[in-house]
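Assembly of the complex is requested from the two constituent chains, each provided in isolation within its own frame, with the hints serving as guidance.
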Amino acid sequence: MSIGLTPLAIYEFIDARLRSDSTLMGMVGNDGGRLREGVLPVGATLPGIVFTLDNPTDNVLPGQIIVWTRVELTVRVIGVEPSYVPLAPIASRLFTLLHGSAGTATDGTVLAVTRLYPLLYSTDENGQDFRHLGGVYEILAQ
Amino acid sequence: MARNGVHVRVVYDRTATIKRRLESGATGFERRACRELGDAMREALLPGARGGHHYARLPRRSSAPGESPQYQFGPLLRSVRTVKGTSAGHSVVVSDKTAPWMEFGTRHMAPRPFIRPAIHAVSPRLEHIARAEIDLGR
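For the record, the sequence lines run as chains A and B. Going by the numbering used here, 52 is the number at position 52 of the first sequence; the sequence numbering is gapless. Going by the numbering used here, 71 is the number at position 71 of the second sequence; the sequence numbering is gapless.
So here's chain B without its partners, still in its complex pose (with noise of 0.2 Å):
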């Protein structure tokens, strides 16, 4: 049987460019973000002005509590690796044991945090950061 009407098909011709720059956009995204918040982190720990002690046996004065830790011999500062997992995403890793002893305390010592911090500074330029990505995708 014969029929009748008129059949559209819509065809999209810009769907693979957009899935594509999505995809790299997001791939982008995540390497900058975790880009920016190692940054964060090695700005926290660089040596700088601080409140607490100075012990003799140290070459800087030491954080007070609550603020980022002093860098004294820079382990923790150089345990801040961006890793780009297997099947995850990128990721920002504290390597040095020290890192949640700074970031959450000890027993006798209040916290120090670096991690939270840096953080909080990097969240407000996430949207920014996937615009840009994405718009590099073009």
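Chain A on its own, in the form it takes in the complex (with noise of 0.2 Å):
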């Protein structure tokens, strides 16, 4: 375990911790392509969902010790509906397993997950409407 790969650590937890849940994995289908941290992959069946890792900084105390890291993660479920309406039961599961979350992972500990503002908006793509449904929440981990 290392303070220098806690985005790492973060990164292991989320992705544990929604590929462990049943109940979640039966809602979008557990084949591989519909849980990725990033984007995801071309032609991937929806409903899907994607978490990303964005503005890590660290808590510096004097001395140069670092105390926790603290990353912005942003997960949502996208969906081709023509509404968000499908993609609430997704969208609040994650919350179930989110919010309140701690955890070990295998490069650190994530200390505490919390929800900063939910995520509701669409994007078109060539002329098809994808609707996101999520949030973003604030991990602090070391």
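Okay, the calculated bits of chain A under chain B, using three or more residues with CB under 8 Å as the criterion:
id : segment
1  : 50 to 58
2  : 74 to 87
3  : 117 to 131
20 Å max Cα-Cα, derived EDC-like pairs, lysine to aspartate or glutamate:
id : chain 1 : residue 1 : chain 2 : residue 2
4  : B       : Lys97     : A       : Asp129
5  : B       : Lys97     : B       : Glu67
6  : B       : Lys97     : A       : Asp124
7  : B       : Lys84     : B       : Glu30
8  : B       : Lys84     : B       : Asp96
9  : B       : Lys84     : B       : Glu36
10 : B       : Lys84     : B       : Glu23
11 : B       : Lys97     : A       : Glu125
12 : B       : Lys19     : B       : Glu30
For the record, the hints were derived by calculation from the structure and aren't laboratory data. Backbone N, C-alpha and C fix where the C-beta goes; we use that ideal spot for every residue, glycine too.
Here's what the structure looks like:
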């Protein structure tokens, strides 16, 4: 375990926490491409879940002691639905799994996961509307 | 019946001044904080070095995941505005439809955040801005 690898620990924790939940995987289908960090692969069946880790910052004390690393997690379920409603149970499950969670991963410890604000927006790609529903979470890890 | 003793009424005649300064300072704080936030967003959206692909149809090299969006034709930058609401205070509005796409990503595009980094850049200055604006109200 190393404080220098906290973003990796966060990635491991989030990926394992979501992937190990049979209810969530039952909602999106566990074919390997439905839950991804970064972007969904081209041709992925929807709905799919994408998470990204942004804006990592270290809390450093005098003496260059890193107390913890703060990262913003953006996680959203993406669907090609005409409305957000069919995606709501998946987004709700994501919230249940993440908000207030904590735990240990191979490369560090996640101290706290707290939702900062919900997300709801749509994108149009080649004339087709995609709905995104989820939230942005603050994660403290060491 | 006569009342004995002394009654002292405290009248602090600067109360109205302090109230006026605080109100003026709060308004000025919102206005200036939003202006600085909007400026920080615009600065992030200016043309500059980016690490993504250079698509033939675009004038500049695009941003890589995690970088702020590259300035290609400018609608995103031009859509950043500071507005004053009717009842609420000031706010920064990014009206271009691609703003959430850049900030949080799309189906096949990873985020190119420019709003949250601007907030992180301006946040440490908020206390200084508040003090400065209250001082200006003197």
